[in-house]
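*Asks:* Each chain, letter by letter, is given below.
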Amino acid sequence: SSPPPTRTRKEKEPFEIDFSSPLNPILAETIYTPTTTMSSISLPKTQWKSKTRNLLPDDKHFNSRQLLRLFLKPKARMGSKRKGFG
Amino acid sequence: VQICSIFSDTQRTTAGHRKSVIKLRKIQEACCYEPTSNSGKDTRDFDEDEFNYEVGRCTVRLVAVKKAEPAGDRVVRFLGLYLSHANEKDNTLVAEEYDEGFAETPSSRLTSYILSLVLPFLASKEKTVRFRSTQLISHIINSLDSIDDDLFQQLRLGLLKRVRDKESMVRVQAVLGLGRLAGNETEGDPNGDDSDDEDAGGLLEKLLDVLQNDPSADVRRSLLLNLPLTPTTLPYLLERARDLDPATRRALYSRLLPSLGDFRHLSLSMREKLLRWGLRDRDENVRKAAGKLFRERWIEDCTTTQSTVQECSQEGNAVAEARSPNFEGLKELLERIDVVNSGVESGVAQEAMKCFWEGRADYREEVVFDDSFWDGLTAESAFIARSFNDFCRQQGDAKFEDLVEEKMPEVTKLAFFLQRFINKLLDSLRRAAEQGDDAEDDDTAELEFIVEQLLQIAQTLDYTDEVGRRKMYALLREILALPELPEEVTRLIVEGLRGVCGGDPAGEREFCGVVLEAIAEVHDTITGDDVEEEETDPDESFHSAKSELSEDMPKRLKTSRSRSPEVDENDEEKAMKEILVNMKCLYITQCMLENVEGNLQQNIHLVTMLNNLVVPAVRSHEAPVRERGLTCLGLCCLLDKTLAEENLTLFLHCFNKGHDALQTAAIQIISDILTVHGSSLLSSPTCPVEEKMLYKMFSKALKADDKIGVQAAACEAACKLMLGLVVKDEELLKTLVVAYFDPGTAENLGLRQGLSYFLPVYCHSRAENQMRMQEIAVAALHSLILLHDNLDEEEEMVTPVMIASHLVDWTDPRKVVSVRDMEALADDIGRKEISKSIDGTVHMDLAKDVLEKIASNASKEEKKVFCSVLGKLYVSKYSDVEKIRTVYELASQIVEDKLLSDAPSRNALNKLYVALGKIIDSLGEA
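Those protein sequence lines, which keep their order, are chains A and B. The C-terminal residue of the first sequence carries number 86 in the working numbering, and the numbering is unbroken. The C-terminal residue of the second sequence carries number 926 in the working numbering, and the numbering is unbroken.
Next comes chain A alone, as it looks inside the complex (with noise of 0.2 Å):
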């Protein structure tokens, strides 16, 4: 069988930048433009802090396998007997 045919694929036209030019003047002003107030550029002060200090809560470990055993022997497995029982 023939290799399959190698696709052609558009590729991105790689991005340069034109140290050389002089720099246009949008690009000059979106440089050189400060901001108006300092606040539209800052994290809100509501998020500054986290209540939980973006920690876990203490892992309780709930599984599947708790919920099939019972609680006073919890080695035995529900419903299921020694090999043997009739």
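There could be a bad hint or two in this list.
[Unchecked claim] Cut-off 20 Å, straight-line C-alpha distance, at most; resulting in silico cross-link-like pairs (PhoX-like, lysine-lysine):
no.	chain 1	residue 1	chain 2	residue 2
1	B	Lys127	A	Lys45
2	B	Lys67	B	Lys127
3	B	Lys641	A	Lys73
4	B	Lys703	B	Lys734
5	A	Lys49	B	Lys166
6	A	Lys45	B	Lys206
7	A	Lys49	B	Lys206
8	B	Lys728	B	Lys696
9	B	Lys166	B	Lys125
10	B	Lys206	A	Lys51
11	B	Lys354	B	Lys399
12	A	Lys45	B	Lys166
13	B	Lys696	B	Lys707
14	B	Lys883	B	Lys911
15	B	Lys707	A	Lys60
[Claimed, not checked] Covered stretches of chain A (chain B as the covering partner; in silico rule of three or more C-beta atoms under 8 Å from a C-beta of chain B):
no.	region
16	20-31
17	38-45
18	61-70
Everything labelled a hint here was simulated from the structure, so no lab data went into it. No residue lacks a Cβ here, since even glycine has one placed at the ideal position from N, Cα and C.
Following the hints, position chain B against chain A.
*Replies:* Here is chain B on its own, set in the frame of chain A:
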């Protein structure tokens, strides 16, 4: 012009950066220094200012480059590399002139020039410009050794502002730079001369605050990896082991901790916590990283010291020595995690060693358990043997079966060592009892731990060899009757006996017989001293030898009670001893019953035990005896339906009148009884307890916000019973849903986490469960909205709209397991068909309930919440046609009556209305 092309080159790949640095340096030297010799052509067409200006011009270009473009990152790296190189060169040039301090050089001027140029961009309105300028400044800071003082303060202030930037990508860069600055500050005087500047000295504090509070995990993670490691920062860094973000937790285990240096500098409790959190993390990658840390880094810390100690005599290559398995090192590692405490059941050392054996084939192969190993057992080496044994035998495909058989001793030998250590333990216990001080405690605890490990190993051995089996049987039987042995050891002995006796009914009878024999012996010790004084009843030994033990036990209990009230000291001591011995007997009984499964009435040993030991205990005036008796009675009820029926009232009484622990026990016993015998037990005409009474118990316990333990136990029990279809009560389900969101249960993590597991599993595992949830959904939501309306200020609760979307999800018919299975089986074409054809009746029922609620007297706010449900429903023509029509009519009525005032609600209703209209049209056509 040349400078431009150098910068152009650097953006494409980092590979040529070194060359570009040299090229640019040549130009700089040419611009700034007098030519060293006049030979050659004079290239001084430009001076230093022009050079700096040109580099600055290129830098300005950089700051508009979007974050996603790697070209920008490359130029940043190049600039950092260049400045570091150039400053170094200049400093060596001027080193002769200045002995110390900060010398001004062409490169330092260039650095200052660039930084001052970029500094104002930090406050740009464009996030890209802020990002690149912050990135550049931080990178330069991290590349250089020193910076001009004035500039330094400005940078610091600029970056500090960016720590609160709106964009997390900017904050990440800002903390990268500040982390370095904070490192410098801690080296020097933290409270420098700049005390007039209110930010001075507090930099580290600020960053630690960000580490705890920044909402972006990327920021927290960058800080975690870039803050200086000092005694001040360490607790804050280690705390991130419980960060909300898994990648941050993993970074702690895979990057920070390995680079921290010797783990033995951490406190014992911190080591234990780090291991426990890491090895039991919900995220697999965190678990893996923690395991790797333990079995590669921590062991290395221990083996390195251990091998240098050994190497004093043999001058070998230390590196190879450290890498090869070193069991002294492993023992030290276990000692360093306090294996006597962390190696117990449910202790973290179990998991730690499991992953150790998993990942260290070298240790697995080389470990040797010869006679001298067993002779000199310590807590650590005993745990090595036990964990190795567990690991090999728990591997699914038996691939380590041969390995463990080859290394572990045969049963007879193990029994021999067990006996020896039991004797040592007994000696130690008796010495401790005589001396009455704590000096022996450590030794005793270690011996106890060793014995436990040996018993654990004994449980896994192969007892087909009759000689070994008999030997072990005799030993276990003998030591079970030793009343001094601690409870955990006793429990393991009972379990060991159960294994040795074989699993068939005959084996179980033998097991019960032999355990009861031992109990009788223990019981005899109540009168142990008296026996010698009083005339020895010739039948005594005979009585207690076999199952007739029961005859003399109650007699003694009775005599002790009928004694005259004047109690002298001796009597008091005696009464105390009697309680202790009774407790021990009941404990053995409990352990035995946990391992029995046959019918109680068919086992004569059990019947006698019930009547002569358990029943009197339940009637005892001593609370501890009575409570342990109740547990045993509960266990007996699991083996006999009639007994269970008769005693339900008693357990219910315990719940109604008992203290917290007893209430919990009662709930658990009742739950187990129902699980084993089924809820049909309650409908039997002979049963005195009705279903209603039990639901009342559950509902009362679930609402007891002040009794966290009872509440959590009731929740778990209810989940079990409902999942096992033992209980199908809708009221109880509603209570659970309400409890899940109720702000009163916020502190009860056991309940919350249990329900967050249970509720989706319950609803999505069976269509009938899901329908039950649908039935109560509107009522539950209504109750919860009321709760939400009456919240206290400090109480927190998710919004009713969120709750509503949970309810929609739980009742989504597409999520029931059988449906999902069908989807998985179907191929791509079939899948669409199936997912379209899922019966959507559940959501139609929900829609009907919701619409009726809206049409009734609900408040405006409540209507909004209910309408949010409508927009999320699964609407399909494969639903009950009559129900579709009903819902459609209800909807159109509400549209006509204009009951909804706000736009989102009207839209949600309209969406449903239109979708249903289409379906009805298509039905008409068909």
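*Asks:* Does Lys206 (chain B) sit within 20 Å of Lys49 (chain A), going by the straight-line distance between their CA atoms?
*Replies:* Roughly 12 Å separates the two Cα atoms, so the pair holds.
*Asks:* Has the region 61-70 of chain A got at least three residues whose CB is nearer than 8 Å to a CB belonging to chain B?
*Replies:* holds (count 7)
*Asks:* For the pair supplied as a hint, Lys703 (chain B) and Lys734 (chain B), confirm whether the alpha-carbon distance does not exceed 20 Å.
*Replies:* The hint holds at about 12 Å.
*Asks:* For the pair we were handed, Lys883 (chain B) and Lys911 (chain B), check the Cα-Cα distance against 20 Å.
*Replies:* 17 Å, holds
*Asks:* Under the criterion that the straight-line Cα-Cα distance not exceed 20 Å, is the pair Lys728 (chain B), Lys696 (chain B) satisfied?
*Replies:* Distance of about 14 Å is within 20 Å: holds.
*Asks:* For the pair supplied as a hint, Lys206 (chain B) and Lys51 (chain A), confirm whether the alpha-carbon distance does not exceed 20 Å.
*Replies:* 17 Å, holds
*Asks:* Lys127 (chain B) and Lys45 (chain A) were given as a pair; does the straight-line alpha-carbon distance stay at or below 20 Å?
*Replies:* At roughly 19 Å apart (the allowed maximum being 20 Å), Lys45 (chain A) and Lys127 (chain B) satisfy the hint.
*Asks:* When you check the alpha-carbon spacing of Lys49 (chain A) and Lys166 (chain B), does it fall within 20 Å?
*Replies:* 14 Å, holds
*Asks:* Do three or more residues of the region 20-31 of chain A come closer than 8 Å to chain B, measuring C-beta to C-beta?
*Replies:* Per the Cβ count (5), the hint holds.
*Asks:* Take the C-alpha atoms of Lys166 (chain B) and Lys125 (chain B), compute the straight-line distance between them, and say whether it is at most 20 Å.
*Replies:* Holds. Lys166 (chain B) to Lys125 (chain B) sits at ~11 Å (cutoff 20 Å).
*Asks:* Is it true that the CA of Lys45 (chain A) sits at most 20 Å from the CA of Lys166 (chain B)?
*Replies:* 10 Å, holds
*Asks:* Quick one, are Lys45 (chain A) and Lys206 (chain B) close enough, alpha carbons at most 20 Å?
*Replies:* 15 Å, holds
The structure shown violates none of the earlier numbered hints.
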